[in-house]
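Order-wise, the sequence lines are chains A and B.
For what it's worth, my numbering labels the leading residue of the first sequence as 1, then goes sequentially.
For what it's worth, my numbering labels the leading residue of the second sequence as 1001, then goes sequentially.
Among the hints, a few may not be true.
Claimed, not checked - A few chain A residues that don't get close to chain B, going by computed Cβ distances all over 10 Å: (1) Glu11; (2) Leu53; (3) Leu56; (4) Leu59; (5) Val112; (6) Thr136; (7) Gly152; (8) Gln189; (9) Gly215; (10) Lys245; (11) Asn252.
Said to hold, decoys possible - Derived DSS-like pairs: lysine-lysine, alpha-carbon spacing no greater than 27 Å straight-line: (12) Lys1043/B / Lys149/A; (13) Lys245/A / Lys149/A; (14) Lys149/A / Lys1136/B; (15) Lys241/A / Lys1136/B; (16) Lys1043/B / Lys1136/B.
As the list claims (entries may be wrong) - Partial chain A-side listing against chain B, Cβ under 10 Å, derived: (17) Arg57; (18) Ala58; (19) Glu119; (20) Ser162; (21) Gly164; (22) Val168.
Read the hints as simulated data drawn from the structure, not as lab findings.
Positions of the beta carbon are idealized from the N, C-alpha and C atoms, including for glycine.
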Amino acid sequence: MTEAAFRPSEEQLHAYVDGFLDRSLQGAVERFLAENPGEALRIEAYRQQNAALQALRALPESRPFTVPEFRARIRWSRLAVQVAAAVLLLAVGGGAGWWGRVLLAPREPLWVRLVDQAERAYQTFVPEVVHPVEVTRDQEQHLRTWLSKRLGTPVAVPVLTSHGYELVGGRLLPGDPGPAALFMYQDAQGSRLTLYVLAAPSKRRDTAFRYVQSGSLWICYWMGENIDFALTGEVDRDQIKDIAKTAYMQLNNMKLPSGGDW
Amino acid sequence: MDDFGRLIEQEVPRLRRYAHALVRDPERADDLVQDCLERAWRKSHLWVRRTNLRGWLMTILHNLYANAARKHSNSPTLVSLDDTTQAPGTPATQAEELNALAVREALQTLPAEQQQVLLLVGMEQMHYAEVAALLKIPIGTVMSRLFRARERMRVLLAESTRPTLRRVK
């Protein structure tokens, strides 16, 4: 390539702006810019953006961010909840497992609670060989009626076969707030997904899927007007998103005000 | 767990820079950082298996910001007196300097994914490969987000400061 014909790639131009350009190319890029005033102006604008962003680095001296401070606050709230829970457990004559864990959890944002519960349900039931579900897919109609009744809102059992996942069945779980439905799916290789569904505690509107990664798991959740759900699986983010969209469509069709036959 | 606290504390300046670049009101920016730290602490059991604390914290912070921004998108923005004194209609002496306020406003109009990349490269001066590793996205994606972010900023800033950029190089 002759010097005159050199045209830096977009990557090289940005690397030049950011000071990451290989030193051997520096001169060539500068010559190119000298001969191309339009490009030079554009690159100069990018440089100015960097300078302005650098200027934003200056921080006001403000309150100290003490980790002990917020740690103490959380400890305190957790303690308060634990005391309340202990009183309650004594009152009902003892209890453990799910109830204990649910009660002992600090009051967190709703989505954190949803994701936590969904993840625990996944980790509890996915490895289960003998009784992964309470009601198997051959009683799907019953599963749907039963869980809709217990959650107090119509709940569809989404069909995820288009993604290669067959329904295994479902179960009822204690959840927060209110009972939860857990549906389990499995693909031909035996890998499993769980769909955790709660009746939404109050009317609200939220129109985006969110994702949380936890170790090798991706959890995609939706908090809607009538139900909240979280889909959990050991798949990648795009897959969980696609499958969650399919589940959403089907769960939501049940929400149309046409009544439903549950 | 104390290790976790120490590790988190090291990230606070970076988180604050990031929050203050995005949120105009310093008080609210610091609230955002505080929320992020609290959430991180509560969810520390989810992090144990991971190594990328910085990326995790940045993601928490950014999600909190994006959620709040969505929630407040319909309510009017309050501009403090301090801000108005350095609003875009500034004297020509500042022609060469992009006004920090204008930059911040332009930044706020970018999609969240572009904001993130632009701040990490432009403000934090991180290498493209570091950003890719931090956000767990391919480097090509980092580059294309950066290209789009810078170009969009350039157009927006050229509009807001048109007279000042009309100079011949």
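Cross-check of the supplied hints:
Here Glu11/A does not stay apart from chain B, with its beta-carbon only about 6 Å from theirs, under the 10 Å limit. The beta carbon of Leu53/A sits about 4 Å from the closest Cβ of chain B, which is not more than 10 Å, so the claim that it is off the interface is violated. Residue placement check: Leu56/A does not keep its beta carbon more than 10 Å from all beta carbons of chain B (closest about 5 Å). The beta carbon of Leu59/A is not kept farther than 10 Å from every beta carbon of chain B, the shortest such distance being approximately 6 Å.
With a closest Cβ-Cβ approach of about 7 Å to chain B, Val112/A is found to fall inside the 10 Å limit, against its non-interface label. In this structure Thr136/A is separated from chain B by more than 10 Å, as the shortest Cβ-Cβ distance comes to about 32 Å. No beta-carbon of chain B comes within 10 Å of the beta-carbon of Gly152/A; the shortest separation is about 27 Å. A cut-off of 10 Å between C-beta atoms confirms that Gln189/A is not in contact with chain B; the least separation is 24 Å.
Distance check on Gly215/A: its Cβ comes as close as 5 Å (rounded) to a Cβ of chain B, failing to clear the 10 Å threshold; non-interface status is violated. Consistency note on Lys245/A: stated as away from chain B, and its beta-carbon is indeed over 10 Å from all of that chain's, at 19 Å minimum. Against chain B, the non-interface label of Asn252/A holds: every CB pair exceeds 10 Å, the least being about 20 Å. Taking the CA atoms of Lys1043/B and Lys149/A, the gap is near 33 Å; set against the 27 Å cutoff, the hint is violated.
Our distance criterion of 27 Å between C-alpha atoms is met by Lys245/A and Lys149/A, whose separation comes to about 24 Å. Between the alpha carbons of Lys149/A and Lys1136/B the distance comes to roughly 42 Å, so the proposed pair goes past 27 Å and is violated. Only pairs whose Cα atoms come within 27 Å are accepted, and Lys241/A paired with Lys1136/B is accepted, the gap being roughly 17 Å. Annotation: proposed proximity of Lys1043/B to Lys1136/B holds, straight-line Cα distance about 20 Å (limit 27 Å).
The beta carbon of Arg57/A comes within 5 Å of a beta carbon in chain B, closer than 10 Å, and the hint placing it at the interface holds. Given hint, Ala58/A at the interface with chain B, holds; its Cβ is 9 Å from that chain's nearest Cβ, closer than 10 Å. The restraint placing Glu119/A at the interface with chain B holds, with a minimum CB-CB distance near 8 Å, inside the 10 Å limit. The interface hint given for Ser162/A is violated, since its Cβ lies 27 Å from the closest Cβ of chain B, which is over the 10 Å cut-off.
About 25 Å separates the beta-carbon of Gly164/A from the nearest beta-carbon of chain B, more than 10 Å, and the hint is not met. Of the supplied interface hints, the one on Val168/A is violated, with its beta-carbon coming no nearer than about 26 Å to a beta-carbon of chain B, more than 10 Å.
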